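In this note's numbering, the protein residues as written are 1 to 145.
Some clues are possibly wrong.
Pairs of lysine-lysine residues, derived as PhoX-like cross-links and limited to a Cα-Cα distance of at most 25 Å, are as follows [to be verified]:
1. Lys125 with Lys20
2. Lys48 with Lys125
3. Lys20 with Lys48
Cβ pair distances, simulated, as ranges [as the list claims (entries may be wrong)]:
4. Thr83 with Asp15: 33 to 41 Å
5. Pro140 with Arg102: 14 to 22 Å
6. Thr24 with Pro137: 29 to 37 Å
7. Ala89 with Lys20: 31 to 39 Å
Bear in mind the hints are in silico, worked out from the structure with no lab data behind them.
No experiment lies behind these values; they were computed from the predicted model shown.
Think of the CB as a built atom: it goes at the ideal place given N, C-alpha and C, for glycine as much as any other residue.
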Amino acid sequence: MMYLDSSIIVKLLVDEPETKALVTALVGQALSSCELAIPEVRSALFGKEREKCISTAQREAAWRLFLDRVRSQEIELYPVSSTTLSKAAQVMERCHPAVALRTLDAIHTAACDLAQDFPLCTTDKRMRDAAALLGIPIFPAEEVS
1 MMYLDSSIIV KLLVDEPETK ALVTALVGQA LSSCELAIPE VRSALFGKER EKCISTAQRE
61 AAWRLFLDRV RSQEIELYPV SSTTLSKAAQ VMERCHPAVA LRTLDAIHTA ACDLAQDFPL
121 CTTDKRMRDA AALLGIPIFP AEEVS
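Let's have the full structure, built from the sequences with the hints guiding it.
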């Protein structure tokens, strides 16, 4: 199982420079994330439309594709529970002061750790730094800018 942060999910839905490589690497893998991905993916798609990176039709199609992948459990979403939130607070404390981990990234990192769905698939530098500090395997192995 591979845990995807929301930015990776967006890269799978919208054509970006890393999309082809990610799709190839993730073929046949069991994929997971947490319910936080629902508003984060929606927000990111709206942002891409505002920035004129995608059209309204492309945004709507990407959103439908995401929902289809969730409904079919191609991407399994874990609930954001009080346990997840407590773990996120612990993750932030363990990473402080070395990594200034943002709240939502801490929730994703905590959900990944609780589910033991490794590696954590992210291109976010802070999340990658936090995962390395916590001993959580990371994908892709190399940092992507």
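Tested hints:
For the given pair, Lys125 sits about 21 Å from Lys20 by alpha-carbon distance, which is consistent with the 25 Å threshold. At roughly 20 Å between alpha-carbon atoms, Lys48 and Lys125 fall within 25 Å of each other, so this suggested pair holds. With a C-alpha separation of about 18 Å, the suggested pairing of Lys20 with Lys48 holds against the 25 Å cut-off. At about 36 Å, the beta-carbon gap between Thr83 and Asp15 stays in the expected band of 33 to 41 Å.
At about 21 Å, the beta-carbon gap between Pro140 and Arg102 stays in the expected band of 14 to 22 Å. Between Thr24 and Pro137 the CB atoms are about 19 Å apart, so this pair departs from the stated range of 29 to 37 Å. Checking the proposed 31 to 39 Å range against Ala89 and Lys20 shows it holds: the Cβ atoms sit about 37 Å from each other.
Going through the hint list in order, the structure does not satisfy hint 6, though it satisfies all others.
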